[in-house]
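As they're listed, the protein sequences go chains A and B.
Following our numbering, the numbering of the first sequence begins with 1 at its first residue and continues without gaps.
Following our numbering, the numbering of the second sequence begins with 1 at its first residue and continues without gaps.
Derived by calculation from the structure, the hints in this document are not laboratory data.
Don't take each hint at face value.
What the hints assert, rightly or not - Taking lysine-lysine and the BS3-like style, the derived pairs with C-alpha atoms no more than 30 angstroms apart in a straight line are: (1) B:Lys112 to A:Lys325; (2) B:Lys112 to A:Lys196; (3) A:Lys187 to B:Lys82; (4) A:Lys167 to A:Lys111; (5) A:Lys318 to B:Lys22; (6) A:Lys196 to B:Lys150; (7) A:Lys187 to A:Lys111; (8) A:Lys82 to B:Lys196; (9) B:Lys112 to A:Lys187; (10) A:Lys325 to B:Lys22.
Bear in mind that the values here come from a model prediction, so they are computed numbers and not experimental data.
Listed here are the chains, written in short residue letters.
2 protein chains.
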Amino acid sequence: MSIKIGILGYGNLGRGIECAIKQNVDMELVAVFTRRSPETVTILTQGARVYHIDDVEKMKNEIDVLILCGGSATDLPVQTPKYAEMFNVVDSFDTHANIPTHFDAVDAISKKAGKVSIISVGWDPGMFSLNRLYANAILPQGCDYTFWGKGVSQGHSDAIRRVEGVKKGKQYTIPVDSALEAVRNGKNPELTTRQKHIRECFIVPDEGADTAKIEHEIKTMPNYFSDYDTTVHFISEDEFNANHTGIPHGGFVFRSGKTGWNEENSHIIEYSLKLDSNPEFTSSVLICYARAAYRLSREGQVGCKTVFDIAPAYLSPKSGEELRKHML
Amino acid sequence: MSIKIGILGYGNLGRGIECAIKQNVDMELVAVFTRRSPETVTILTQGARVYHIDDVEKMKNEIDVLILCGGSATDLPVQTPKYAEMFNVVDSFDTHANIPTHFDAVDAISKKAGKVSIISVGWDPGMFSLNRLYANAILPQGCDYTFWGKGVSQGHSDAIRRVEGVKKGKQYTIPVDSALEAVRNGKNPELTTRQKHIRECFIVPDEGADTAKIEHEIKTMPNYFSDYDTTVHFISEDEFNANHTGIPHGGFVFRSGKTGWNEENSHIIEYSLKLDSNPEFTSSVLICYARAAYRLSREGQVGCKTVFDIAPAYLSPKSGEELRKHML
Numbered sequence: 001m002s003i004k005i006g007i008l009g010y011g012n013l014g015r016g017i018e019c020a021i022k023q024n025v026d027m028e029l030v031a032v033f034t035r036r037s038p039e040t041v042t043i044l045t046q047g048a049r050v051y052h053i054d055d056v057e058k059m060k061n062e063i064d065v066l067i068l069c070g071g072s073a074t075d076l077p078v079q080t081p082k083y084a085e086m087f088n089v090v091d092s093f094d095t096h097a098n099i100p101t102h103f104d105a106v107d108a109i110s111k112k113a114g115k116v117s118i119i120s121v122g123w124d125p126g127m128f129s130l131n132r133l134y135a136n137a138i139l140p141q142g143c144d145y146t147f148w149g150k151g152v153s154q155g156h157s158d159a160i161r162r163v164e165g166v167k168k169g170k171q172y173t174i175p176v177d178s179a180l181e182a183v184r185n186g187k188n189p190e191l192t193t194r195q196k197h198i199r200e201c202f203i204v205p206d207e208g209a210d211t212a213k214i215e216h217e218i219k220t221m222p223n224y225f226s227d228y229d230t231t232v233h234f235i236s237e238d239e240f241n242a243n244h245t246g247i248p249h250g251g252f253v254f255r256s257g258k259t260g261w262n263e264e265n266s267h268i269i270e271y272s273l274k275l276d277s278n279p280e281f282t283s284s285v286l287i288c289y290a291r292a293a294y295r296l297s298r299e300g301q302v303g304c305k306t307v308f309d310i311a312p313a314y315l316s317p318k319s320g321e322e323l324r325k326h327m328l
Numbered sequence: 001m002s003i004k005i006g007i008l009g010y011g012n013l014g015r016g017i018e019c020a021i022k023q024n025v026d027m028e029l030v031a032v033f034t035r036r037s038p039e040t041v042t043i044l045t046q047g048a049r050v051y052h053i054d055d056v057e058k059m060k061n062e063i064d065v066l067i068l069c070g071g072s073a074t075d076l077p078v079q080t081p082k083y084a085e086m087f088n089v090v091d092s093f094d095t096h097a098n099i100p101t102h103f104d105a106v107d108a109i110s111k112k113a114g115k116v117s118i119i120s121v122g123w124d125p126g127m128f129s130l131n132r133l134y135a136n137a138i139l140p141q142g143c144d145y146t147f148w149g150k151g152v153s154q155g156h157s158d159a160i161r162r163v164e165g166v167k168k169g170k171q172y173t174i175p176v177d178s179a180l181e182a183v184r185n186g187k188n189p190e191l192t193t194r195q196k197h198i199r200e201c202f203i204v205p206d207e208g209a210d211t212a213k214i215e216h217e218i219k220t221m222p223n224y225f226s227d228y229d230t231t232v233h234f235i236s237e238d239e240f241n242a243n244h245t246g247i248p249h250g251g252f253v254f255r256s257g258k259t260g261w262n263e264e265n266s267h268i269i270e271y272s273l274k275l276d277s278n279p280e281f282t283s284s285v286l287i288c289y290a291r292a293a294y295r296l297s298r299e300g301q302v303g304c305k306t307v308f309d310i311a312p313a314y315l316s317p318k319s320g321e322e323l324r325k326h327m328l
């Protein structure tokens with residue numbers, strides 16, 4: 001009997017979930033819920049249905065876990081508490097500063113409803129957080145470093161597209177190689193914002209636009225670019241469409257620590273991701289935690305969890321016996 | 001109130017545990033148990049006591065978790081089941097092929113005794129296993145790679161020391177750079193034993209020994225060296241003592257996988273360790289799982305667990321609230 005999944009929101013993340021379900025034989029996509037007119041949305045999975053988001057409650061008894069694929073800015077703060085009342089839910093809420101508030105809201109509702117919810121699932125927050133926790137527990141004396149990229153920052157790409165004269169734009173965040181090497185070699189450097197990442201922009205200007213003005217405006221944009229070394233490339237629309245439509249991302253989490261009676265020995269723990277598709281990888285993590293939510297719920301657990309609260313074995317379709325035999 | 005720890009076996013690993021306890025303020029070393037005469041063993045921790053191993057049962061009510069620091073070949077298969085009857089225990093049993101048998105034996109005893117045991121804790125098995133599990137769950141379609149080193153292989157060092165004419169010897173296992181790069185770049189290479197690792201030996205020969213004969217004997221030694229490209233260096237005892245008395249180790253775990261409706265996107269997950277001291281790092285992992293064993297036992301759980309069965313939050317001294325606020 002497979003785990004019945006519902007997807008709420010059919011953008012890049014929702015489509016990623018659909019692809020991930022195809023790779024997991026114990027999962028089944030039952031329904032996609034959308035704010036659009038359902039008849040205008042074509043999904044890939046034979047046998048699954050598309051409903052308007054207003055009809056989600058009617059499917060309460062036909063879905064084991066509802067995966068919420070909205071955005072963290074305005075969708076999830078409303079949707080996760082709302083749907084946690086009816087379903088086991090998983091979300092990828094990634095506004096780090098607001099996680100405690102979001103957790104408390106969702107926890108209270110899930111407990112009352114007798115459901116399991118898992119929030120802030122993905123790679124950061126998510127796999128990166130796990131690696132920070134494990135590495136900090138193992139090496140209490142040490143320094144943490146997180147680098148992002150090379151990859152597309154959605155927020156920065158949006159910001160450059162708001163500049164006058166920009167037709168299309170994409171921004172890549174790139175870790176500074178020498179900073180990575182210094183950390184990897186245990187030098188425990190103190191790094192400024194500028195020393196950690198560079199920003200590279202690829203822009204298709206409007207016809208006749210003042211490219212010098214665009215470049216200046218981007219490079220001096222407060223919060224987004226002024227604290228970084230930024231490179232701006234103006235390219236043709238053909239080149240943009242050929243080389244800059246993907247959504248790659250990734251990054252590095254380091255813990256550099258000391259052990260020994262006098263802390264004389266050094267250790268480096270490094271975790272890194274190189275992802276062709278940020279939303280598809282995030283979806284692949286979400287689907288593992290949907291499996292965990294289903295199992296925890298079947299065990300009678302309730303309330304809100306994060307990746308910190310879930311034993312790794314819950315993520316795998318394999319039995320404890322198989323895992324011990326083949327992966328330990 | 002701190003967690004009261006006992007150490008059984010005071011070799012490199014036992015001393016590592018002692019150092020790790022010093023770094024964890026919620027932990028306290030109560031006693032070290034040794035096969036030697038207790039009065040011949042000097043430990044570093046003020047206030048902790050040294051007992052003969054035969055006296056361990058008398059300390060049953062004064063120790064929360066007993067950490068077993070014996071070897072996997074002959075000590076742990078006997079010791080872990082034996083002491084699991086009296087204590088919550090943690091071990092670093094690392095004979096991969098025998099883990100299922102060891103697990104079953106320890107599980108039955110721990111359940112009967114109402115205790116928690118956690119076996120095969122360290123980095124491989126341990127953190128490497130965790131990374132294999134997480135990465136396989138996230139990317140069901142893909143390839144796994146594990147590389148070890150650069151580091152000292154105890155078994156291979158022992159093997160070269162058994163060769164006639166060798167006074168002192170140390171063997172380093174080193175991953176082949178081009179193989180690492182091929183995996184990192186998503187090429188999914190099929191690698192032979194020889195293509196994955198090289199072996200480098202540093203030897204102090206007995207006076208007048210036939211070094212050509214030693215080198216030949218090492219390089220052609222079945223199981224240990226004949227399937228590898230091996231380099232043998234003859235050095236002075238001074239150089240050996242200056243540069244080759246440490247026990248560094250480390251390695252890399254990769255998962256290279258595909259996502260997308262037609263598996264058109266590639267992803268690389270990489271986890272790596274660079275360790276100055278293999279036993280001290282292993283000890284640092286063991287102490288985290290001792291904390292978990294203590295907490296699980298207080299919750300009323302019983303039986304044998306592995307790293308797969310333990311939610312990450314149990315490893316950290318921080319509260320769930322703190323973890324969500326600062327590490328998620």
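The hints, checked one at a time:
1. B:Lys112 to A:Lys325: holds, 24 angstroms
2. B:Lys112 to A:Lys196: violated, 54 angstroms
3. A:Lys187 to B:Lys82: violated, 44 angstroms
4. A:Lys167 to A:Lys111: violated, 48 angstroms
5. A:Lys318 to B:Lys22: violated, 38 angstroms
6. A:Lys196 to B:Lys150: Holds, because 27 angstroms separates the two Cα atoms, which is no more than 30 angstroms.
7. A:Lys187 to A:Lys111: Answer violated: lysine 187 (chain A) to lysine 111 (chain A) is near 46 angstroms, above 30 angstroms.
8. A:Lys82 to B:Lys196: At roughly 52 angstroms apart (the allowed maximum being 30 angstroms), lysine 196 (chain B) and lysine 82 (chain A) break the hint.
9. B:Lys112 to A:Lys187: violated, 49 angstroms
10. A:Lys325 to B:Lys22: Outside the cut-off at roughly 34 angstroms; violated.
Checked against the numbered hints given earlier, this structure breaks hints 2, 3, 4, 5, 7, 8, 9 and 10; the rest are met.
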